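Taken in order, these protein sequences are the chains called A and B. Under the working numbering, the first residue of the first sequence carries the number 1, and numbering increases by one thereafter. Under the working numbering, the first residue of the second sequence carries the number 1, and numbering increases by one thereafter.
These are calculated hints, taken from the structure and not from any lab test. Predicted model, so just to flag it, every value in this text is computed and none were measured. Idealized CB from N, CA, C, for every residue including glycine. Among the hints, erroneous ones may be present.
Chain A regions said to be covered by chain B (calculated; three or more residues, Cβ under 8 Å) [unchecked claim]: (1) 174-185; (2) 284-293; (3) 331-345.
Dumping the calculated DSS-like pairs for lysine-lysine here, alpha-carbon to alpha-carbon at most 25 Å [to be verified]: (4) A:Lys151 with A:Lys86; (5) A:Lys365 with A:Lys408; (6) A:Lys157 with B:Lys350; (7) A:Lys350 with B:Lys158; (8) A:Lys122 with A:Lys246; (9) A:Lys151 with A:Lys81; (10) A:Lys246 with A:Lys157; (11) A:Lys146 with B:Lys350; (12) B:Lys350 with A:Lys151; (13) B:Lys77 with B:Lys158; (14) A:Lys350 with B:Lys157; (15) A:Lys350 with A:Lys146; (16) A:Lys157 with A:Lys86; (17) B:Lys81 with B:Lys247; (18) A:Lys350 with B:Lys151; (19) B:Lys262 with B:Lys77; (20) A:Lys408 with A:Lys367; (21) B:Lys146 with A:Lys350; (22) B:Lys350 with A:Lys158; (23) A:Lys367 with A:Lys113; (24) B:Lys262 with B:Lys151; (25) B:Lys12 with B:Lys246; (26) B:Lys94 with B:Lys63; (27) B:Lys12 with B:Lys158; (28) B:Lys350 with A:Lys350.
What follows is each chain in one-letter form.
Protein chains: 2
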Amino acid sequence: DTKPIKIEDAYKNDPERSMALTVNSEKPFNAEPPLSLLADTFLTPNSLFFVRNHLPVPVVDDKMLKTYQLEASVFDKQDTKPKHVKSLTLSDIKRLPKFEMDATMQCAGNRRKEMSQVKEVKGLSWNCGSISTAKWTGARLTDILKAMGFKDEDFNKKYIQFEGLDVDPTGTPYGSSIAMEKALDPNQCIMVAYEMNGLHTSKKLIIKFMILNYYNVLRTSAADHGFPLRLIIPGVVGARNVKWLKKIVLSDEESHSHWQRKDYKCFNPSVDFNTCDFDTAYAVQETPVQSVISEPSASSSVSADDGYVTVRGYAFSGGGRGIARVDLSLDGGETWLNAELDNNGQSPYKSWAWTLWEATVPIPKNKKKLDLVCKAVDSSHNVQPERIEGIWNLRGLLNNSWHRVSVKVEG
Amino acid sequence: DTKPIKIEDAYKNDPERSMALTVNSEKPFNAEPPLSLLADTFLTPNSLFFVRNHLPVPVVDDKMLKTYQLEASVFDKQDTKPKHVKSLTLSDIKRLPKFEMDATMQCAGNRRKEMSQVKEVKGLSWNCGSISTAKWTGARLTDILKAMGFKDEDFNKKYIQFEGLDVDPTGTPYGSSIAMEKALDPNQCIMVAYEMNGLHTSKKLIIKFMILNYYNVLRTSAADHGFPLRLIIPGVVGARNVKWLKKIVLSDEESHSHWQRKDYKCFNPSVDFNTCDFDTAYAVQETPVQSVISEPSASSSVSADDGYVTVRGYAFSGGGRGIARVDLSLDGGETWLNAELDNNGQSPYKSWAWTLWEATVPIPKNKKKLDLVCKAVDSSHNVQPERIEGIWNLRGLLNNSWHRVSVKVEG
Ligand SMILES: [Mo]
Ligand SMILES: [Mo]
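Produce the entire structure from the sequences given, and follow the hints as far as they go.
What follows is the structure, given as structure tokens:
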């Protein structure tokens with residue numbers, strides 16, 4: 001059985017990464033930034049942006065790049081081959097109207113570590129850092145489909161499927177799908193990005209940056225985050241935002257990818273791997289309201305002499321829903337106060353990026369410990385669940401329970 | 001002081017109502033259908049549709065109807081009088097493309113009774129029935145605004161305000177506002193309805209139905225639910241769906257109505273009437289995910305001899321989000337099973353109406369009592385909170401905690 005050797009080999013071209021990332025898995029590479037740095041800036045520096053790879057990073061060399069085409073077609077179960085095959089080159093896509101958007105990407109497994117402490121789950125043990133924000137530049141998906149020349153009848157399909165260049169040992173590419181209804185709605189702001197935080201994912205810039213000695217940082221951004229094209233479906237779980245985007249299929253069926261059909265689905269807390277039925281379960285798409293305390297950290301202490309403690313963090317909700325309120329408690333949830341919100345001017349219905357929050361509050365007298373808790377309310381007045389038990393699921397997805405950090409008070 | 005007498009008089013023209021409704025307040029009239037009947041049908045019969053009036057029902061007689069106009073204008077703080085005043089008659093509106101939609105209406109105070117049992121709140125003591133579903137027929141709001149002849153620049157305002165014919169003792173009308181961004185999005189399906197469940201809110205039909213002896217039922221539907229025009233903003237709390245719609249204002253300001261600015265806002269659980277700041281709080285618009293057990297009822301018992309118990313109810317989420325799952329527990333939340341869902345064919349992103357659910361499950365042996373609990377998950381994977389304490393707010397709004405019903409097992 002030579003399979004394990006083949007898998008090992010497949011990762012030999014993976015890029016170098018920033019030493020600042022905490023690695024959860026080397027092959028495939030999965031890593032998150034330290035929580036203390038994460039909510040420091042509205043846009044996450046590319047080198048600190050969390051990396052969630054399902055497969056080896058595909059090599060996109062100069063030769064491939066010259067002939068790179070985003071392909072699209074119509075295909076259904078009853079078809080023997082794809083119909084209405086279309087394609088656009090990278091230059092074609094870069095000539096379309098430029099679309100720019102700040103959007104937060106969150107892994108469905110963010111905060112899985114806490115969920116597994118309640119009861120074991122299957123999956124990478126993410127802390128609170130598999131979430132990051134970038135300014136994405138590219139073309140709207142609807143503009144790309146229009147430029148490809150699809151006709152109205154082609155859009156009568158139920159789903160739109162996406163495939164990346166990354167493949168498993170059998171040669172099957174990573175894939176996802178979303179409802180056509182969502183894909184065609186311009187207010188959903190779905191785009192194909194060729195820039196991330198202003199760094200062009202183009203060889204020309206890589207060369208320019210090599211001269212400036214930024215090569216490794218940029219190579220990281222580009223290679224780990226989808227160079228040369230990444231699909232951005234803002235407010236939808238990271239797994240649907242296909243990296244190294246190569247192929248689009250209009251179909252009445254969901255993507256046949258393992259990750260669309262046999263993963264990234266939630267079950268009720270009583271369902272285990274013997275009783276789960278992935279076929280009838282609902283695929284995770286938009287993410288629920290979330291908030292996390294990034295400072296102080298769990299192992300830290302505050303000084304009673306300072307009189308005040310500053311508590312900070314991030315809050316985010318899927319589907320463009322903004323954050324209406326972040327409640328902070330210093331006593332484990334007995335009493336609450338409002339945090340100050342900074343949403344960077346986003347509107348309540350198109351908040352594709354997170355809201356950073358902060359509160360500077362007096363340290364209560366005669367306390368040896370502060371039991372910090374945060375919980376956010378989004379623009380639809382959905383709230384985070386208090387306990388993990390009610391949302392526990394076998395894959396450890398979408399843990400958005402109240403975030404708790406206890407710190408010592410010294411002096 | 002003659003004020004109380006004036007208020008009494010103002011209700012003397014209120015319509016007759018179905019005896020089946022449970023009255024929470026006579027003046028203004030507020031009443032809900034019995035929970036046992038509520039989830040029997042996807043569309044709620046008009047006579048059973050919950051009634052939430054803030055003020056006396058305005059009298060719309062033949063004479064008024066003949067000259068009834070929906071008025072609209074642009075107005076801002078710095079303006080001395082409304083600009084670009086436009087209007088449409090009822091016939092104008094009925095000549096616009098007909099738009100039909102099944103939508104659920106839910107009062108922000110639905111399930112307040114349970115919240116006040118945790119700690120006293122201010123507001124009508126609604127049980128679980130201030131929610132109902134109708135097939136609404138009318139014209140899209142965007143078509144109405146277009147037909148009125150507003151120009152693109154008029155839509156650069158931040159808000160759109162609505163006023164009803166119903167007025168308080170000072171003559172100030174009921175009002176609400178929503179973000180212009182939402183109002184202009186055709187996918188939000190906002191409409192002005194002139195029919196409710198196929199019953200035309202027109203005098204001609206009232207006369208036709210009088211002959212059929214349905215006069216009282218129809219008069220109820222029409223008068224209590226906004227005859228001759230009701231604004232429908234599906235997935236948004238009832239209070240913004242202005243009844244007896246008379247006036248639209250495009251403005252950079254929210255409606256100055258008491259109900260937009262000093263009511264229908266949530267605060268954290270520690271805020272009381274001495275510390276609340278309505279000016280900075282977020283106005284309730286889209287409602288969070290909700291579910292309720294409608295059968296069996298709390299006072300009922302089930303027979304162990306039957307072997308099985310059928311549990312039924314409704315689930316609903318705001319903003320068009322569909323229901324992904326309803327979890328049912330028979331043991332107070334220790335173990336869970338999936339209920340069968342009937343969403344009447346609605347899509348996940350345009351589920352403007354509720355999902356009815358049902359589960360027929362074996363009655364566990366040797367149990368004297370079943371502690372039934374339900375909780376729903378919506379298409380954004382938001383969940384209902386387990387306990388009321390974390391969402392408690394001084395006005396008792398948006399209680400969507402897990403719904404619990406305990407029933408005796410006999411025999
Ligand atoms: Mo993910
Ligand atoms: Mo309401």
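Verification of the hints:
For the segment 174-185 of chain A, the assignment as covered by chain B holds, since 4 residues bring a beta-carbon within under 8 Å of that chain's beta-carbons and 3 suffice. For a cut-off of 8 Å, the count of residues in the segment 284-293 of chain A with a CB near a CB of chain B stands at 6, and the three-residue condition holds. Look at the segment 331-345 of chain A against chain B: 5 of its residues bring a Cβ nearer than 8 Å to a Cβ of that chain, three or more, so the hint holds. At most 25 Å may separate the alpha-carbon atoms for a hinted pair to count; Lys151 of chain A and Lys86 of chain A meet this at roughly 12 Å.
Straight-line distance between C-alpha atoms of Lys365 of chain A and Lys408 of chain A comes to about 13 Å, which keeps the hinted pair within the 25 Å bound. The suggested pairing of Lys157 of chain A with Lys350 of chain B holds, with an alpha-carbon distance near 17 Å, which does not exceed 25 Å. Distance check on the hinted pair: Lys350 of chain A and Lys158 of chain B sit about 14 Å apart at the alpha-carbon level, within 25 Å; holds. A threshold of 25 Å between alpha carbons decides the hint, and for Lys122 of chain A with Lys246 of chain A the separation of about 29 Å lies outside it, so the pair is violated.
With a CA separation close to 18 Å, the supplied pair Lys151 of chain A and Lys81 of chain A stays within the 25 Å bound. The suggested pairing of Lys246 of chain A with Lys157 of chain A holds, with an alpha-carbon distance near 20 Å, which does not exceed 25 Å. Between the alpha carbons of Lys146 of chain A and Lys350 of chain B the distance comes to roughly 24 Å, so the proposed pair stays at or under 25 Å and holds. Our distance criterion of 25 Å between C-alpha atoms is met by Lys350 of chain B and Lys151 of chain A, whose separation comes to about 24 Å.
Simply put, Lys77 of chain B and Lys158 of chain B have alpha-carbon atoms about 13 Å apart, close enough for the 25 Å limit, and the pair holds. A threshold of 25 Å between alpha carbons decides the hint, and for Lys350 of chain A with Lys157 of chain B the separation of about 17 Å falls inside it, so the pair holds. Among the hinted pairs, Lys350 of chain A with Lys146 of chain A is consistent with the structure: their alpha-carbon atoms are about 23 Å apart, no more than 25 Å. A hinted pair counts as satisfied when its Cα atoms are at most 25 Å apart, and Lys157 of chain A with Lys86 of chain A qualifies at roughly 16 Å.
As the CA atoms of Lys81 of chain B and Lys247 of chain B are separated by approximately 15 Å, the hinted pair is consistent with the 25 Å bound. Taking the CA atoms of Lys350 of chain A and Lys151 of chain B, the gap is near 24 Å; set against the 25 Å cutoff, the hint holds. Simply put, Lys262 of chain B and Lys77 of chain B have alpha-carbon atoms about 19 Å apart, close enough for the 25 Å limit, and the pair holds. For the hint pairing Lys408 of chain A with Lys367 of chain A, the CA-to-CA distance comes to about 9 Å; that is within 25 Å, so the pair holds.
Distance check on the hinted pair: Lys146 of chain B and Lys350 of chain A sit about 24 Å apart at the alpha-carbon level, within 25 Å; holds. For the proposed pair Lys350 of chain B and Lys158 of chain A, the alpha carbon gap of about 14 Å is at most 25 Å, so the pair holds. For the given pair, Lys367 of chain A sits about 28 Å from Lys113 of chain A by alpha-carbon distance, which is inconsistent with the 25 Å threshold. Proposed proximity of Lys262 of chain B and Lys151 of chain B is contradicted: the alpha carbons are some 32 Å apart, above 25 Å.
Restraint check for Lys12 of chain B and Lys246 of chain B: satisfied, since their Cα atoms lie roughly 22 Å apart, inside the 25 Å limit. The straight-line distance between the Cα atoms of Lys94 of chain B and Lys63 of chain B is roughly 19 Å, inside the 25 Å bound, and the hint therefore holds. With a C-alpha separation of about 39 Å, the suggested pairing of Lys12 of chain B with Lys158 of chain B is violated against the 25 Å cut-off. Between Lys350 of chain B and Lys350 of chain A the CA atoms are separated by roughly 17 Å; this keeps the pair inside 25 Å, and the hint holds.
Hints 8, 23, 24, 27, counting from the list given before, are not met by this structure.
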